[in-house]
Structure formats: C-alpha cells, structure tokens
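Using UniProt numbering, read the sequence shown as starting at 1 and increasing by one per residue.
Please note that the accuracy of each hint is not assured.
Each pair of labels, with its calculated beta carbon distance range [said to hold, decoys possible]:
| # | residue 1 | residue 2 | range |
| --- | --- | --- | --- |
| 1 | 21 | 193 | 48 to 56 Å |
| 2 | 214 | 148 | 41 to 49 Å |
| 3 | 207 | 68 | 47 to 55 Å |
| 4 | 112 | 247 | 22 to 30 Å |
| 5 | 55 | 222 | 33 to 41 Å |
Don't read these hints as lab results, they were simulated from the structure.
Small disclaimer: the values here were computed from a predicted structure and weren't measured.
Where is the CB? At the ideal position from N, CA and C, for every residue including glycine.
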Amino acid sequence: MIRLHKWKLLFIAVLTNLTILLTLAVGEIKFWREIDWLDIVAESGVCLLAGLWLVFTLNSRPKGSVTTLLALGLGCIFIGSFQDLMDEVIAIPDASPWRGSIESVLMPVGLIILTLGLYHWHKEQLLLSQQRQRQEQDYRDYRLQDRLTGLGDARFLMQQLSQLQLRCQQQHTPLAIVLLDLDDFDTINRRYGHREGDRLLQELTEVLLLNVRRCDLVCRYAGDRFAVLLPGAGEQLAQQLGAQLQDAVAHFAYKTTRGETIYHSASTGIATDTGTPADALLTLATQRLLQAKDSRTPRVA
Numbered sequence: 001m002i003r004l005h006k007w008k009l010l011f012i013a014v015l016t017n018l019t020i021l022l023t024l025a026v027g028e029i030k031f032w033r034e035i036d037w038l039d040i041v042a043e044s045g046v047c048l049l050a051g052l053w054l055v056f057t058l059n060s061r062p063k064g065s066v067t068t069l070l071a072l073g074l075g076c077i078f079i080g081s082f083q084d085l086m087d088e089v090i091a092i093p094d095a096s097p098w099r100g101s102i103e104s105v106l107m108p109v110g111l112i113i114l115t116l117g118l119y120h121w122h123k124e125q126l127l128l129s130q131q132r133q134r135q136e137q138d139y140r141d142y143r144l145q146d147r148l149t150g151l152g153d154a155r156f157l158m159q160q161l162s163q164l165q166l167r168c169q170q171q172h173t174p175l176a177i178v179l180l181d182l183d184d185f186d187t188i189n190r191r192y193g194h195r196e197g198d199r200l201l202q203e204l205t206e207v208l209l210l211n212v213r214r215c216d217l218v219c220r221y222a223g224d225r226f227a228v229l230l231p232g233a234g235e236q237l238a239q240q241l242g243a244q245l246q247d248a249v250a251h252f253a254y255k256t257t258r259g260e261t262i263y264h265s266a267s268t269g270i271a272t273d274t275g276t277p278a279d280a281l282l283t284l285a286t287q288r289l290l291q292a293k294d295s296r297t298p299r300v301a
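Sequences and hints are given; from them, build the entire structure.
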C-alpha cells in the first residue's frame with residue numbers, strides 16, 4: 001500500500017533534506033560538551049514517533065484527500081520535530097531568522113492540518129462502520145477477524161453468539177443461527193486453484209452481506225462454511241432467510257480469471273436457541289447442515 005504514496009514520501013524527504021542543508025548553512029555544529037543529551041533523547045523520540053505514524057498511515061490507506069491531509073499534517077510535525085532535534089546539535093545565531101522559525105511554524109500548522117484530516121477520517125469511519133455492521137455488530141477486534149473475507153472468525157462467532165443469547169433471553173426474543181456451506185467447493189480448488197477459490201469466497205461474502213438484514217451478523221466459521229446469526233428470528237423466519245441465502249448463492253454467476261462463469265449451490269443447517277449453551281446450539285446447526293448435505297445432490301456448473 002505504501003508504494004501508492006511514494007511521491008508523498010519523496011516530497012517529505014526532499015523538504016527534510018532542504019531543512020538539514022539550510023540549518024547547516026546558517027549554523028555551526030556544537031561542541032560535544034554543549035549538547036544536552038536528555039533533550040536529544042526526548043526530541044529524537046518525538047521525531048521517531050511522528051515518522052512511524054506517517055508510515056503506518058500511508059501503509060494502511062489508499063490514495064485520497066483524507067490520506068493527503070493526514071500525510072501532510074504528520075509530515076509537517078515530523079519536519080518540525082526534526083528541526084527541533086537539529087537545534088540541539090547545531091548552534092544557530094540568535095540574530096538569524098532561521099532560529100526557531102521552522103518548528104514554530106510547522107508544528108502548529110501540522111497539528112491544524114492533521115486535525116482537519118482526522119475530522120474527515122472520522123466521517124469516513126462512521127460511513128464504513130454503517131457498511132460493516134453486518135460483519136461486526138457493536139464489537140470490533142482485528143485479532144478476531146478473518147483475513148481473507150474480513151468477516152469475524154470462529155472465535156468472534158462464539159463470542160457474539162453467547163452475547164446475543166443473553167440479550168435475546170433478557171428481551172424475550174428468539175434467536176437463530178444459519179450455517180451455510182458451499183457444495184463441492186473442493187472441486188473449484190482442484191480445477192482452478194486455491195487462489196481462485198479464495199477470490200470466490202471473497203465475492204460470496206459480499207453476496208451474503210447484501211442478502212441479510214441490518215441486524216444480522218455474518219461470520220466465516222471455517223473454510224467454505226459461513227455462519228449467520230439471526231436475532232429476533234424464530235424457526236419459520238430462519239427457514240425463510242436461510243432459503244433466501246441459498247437462492248442468492250445459486251443465482252450468483254462467479255467469473256473466473258479465465259473468463260468462465262461458475263454457478264454454485266449451498267446447503268444450510270438451521271438451529272433456534274432454546275436456552276442451550278452456545279457450543280451446543282452450534283453443534284446442532286452443524287448436525288443439521290451435514291444432514292442437509294447428505295440429502296441433496298451438489299451441483300457445480
């Protein structure tokens with residue numbers, strides 16, 4: 001991702017080098033005994049952290065106006081703190097207009113630009129949070145996120161299932177879980193390769209997210225198996241929603257990198273909460289899923 005921002009980094013590097021050259025041109029390097037090493041350590045830390053924040057930001061974001069504001073603000077803070085560090089090793093005459101001017105200007109300007117960037121980043125995150133609600137509900141932890149699909153993993157599923165059980169019991173509302181498994185997915189991996197299979201899972205994730213309610217939660221349980229938590233859904237509604245997900249998968253025309261079109265079918269196992277522990281509810285859904293897979297003929301075209 002950081003390769004997308006090479007010109008931003010080059011611009012900041014050029015400005016930093018210009019700052020070094022101008023400081024050396026108007027000042028003289030201090031004697032060893034004149035250097036305050038405690039200040040060196042403190043200001044080096046500030047400079048290092050500003051540089052790390054800049055790299056982390058650019059390495060985690062695409063191009064865009066928000067990224068530019070964040071990079072520009074952090075770049076100003078980095079150059080300002082770097083100039084402050086150089087003041088500890090290079091003596092600049094008191095009469096020089098260069099003395100203290102760089103950090104005095106760049107630091108507040110950088111903070112203002114960074115604040116503006118953070119404001120727009122905040123608005124961006126609110127929009128993304130609305131879009132990711134079906135993946136996260138009200139809890140976010142990247143350590144419990146499946147890297148391939150961006151969905152919560154099996155640990156996240158168990159955590160959310162336990163919490164939803166407690167909430168639904170307190171509110172006296174039903175809760176159901178749907179396990180959805182692609183039929184004959186191994187054939188795709190054998191015929192087209194695992195990379196193509198991974199692409200298929202990523203695109204199917206989007207299909208599932210588009211076909212669940214706003215209050216539902218989609219997780220990747222294991223391999224090509226997904227889990228959908230349905231708060232407020234009894235047996236009948238869960239069956240309807242499960243059938244809709246199967247239809248959505250069946251009508252999804254996946255395009256391979258070779259340009260071929262592949263259709264799929266999926267089996268589901270549905271279980272409604274009757275006060276059983278989360279692992280028992282998940283086991284019941286798994287058993288019903290296996291029964292459904294045994295009773296149908298998989299189709300892959």
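Hints versus structure:
With their beta carbons about 53 Å apart, residue 21 and residue 193 fall inside the hinted range of 48 to 56 Å. In this structure the hint that residue 214 and residue 148 lie 41 to 49 Å apart at CB is violated, the actual value being about 24 Å. Taking 47 to 55 Å as the suggested C-beta distance range, the pair residue 207 and residue 68 does not conform, at roughly 34 Å. Between residue 112 and residue 247, the C-beta spacing of about 53 Å breaks the proposed range 22 to 30 Å.
Against the hinted window of 33 to 41 Å, the Cβ-Cβ separation of residue 55 and residue 222 comes to about 35 Å, which satisfies the hint.
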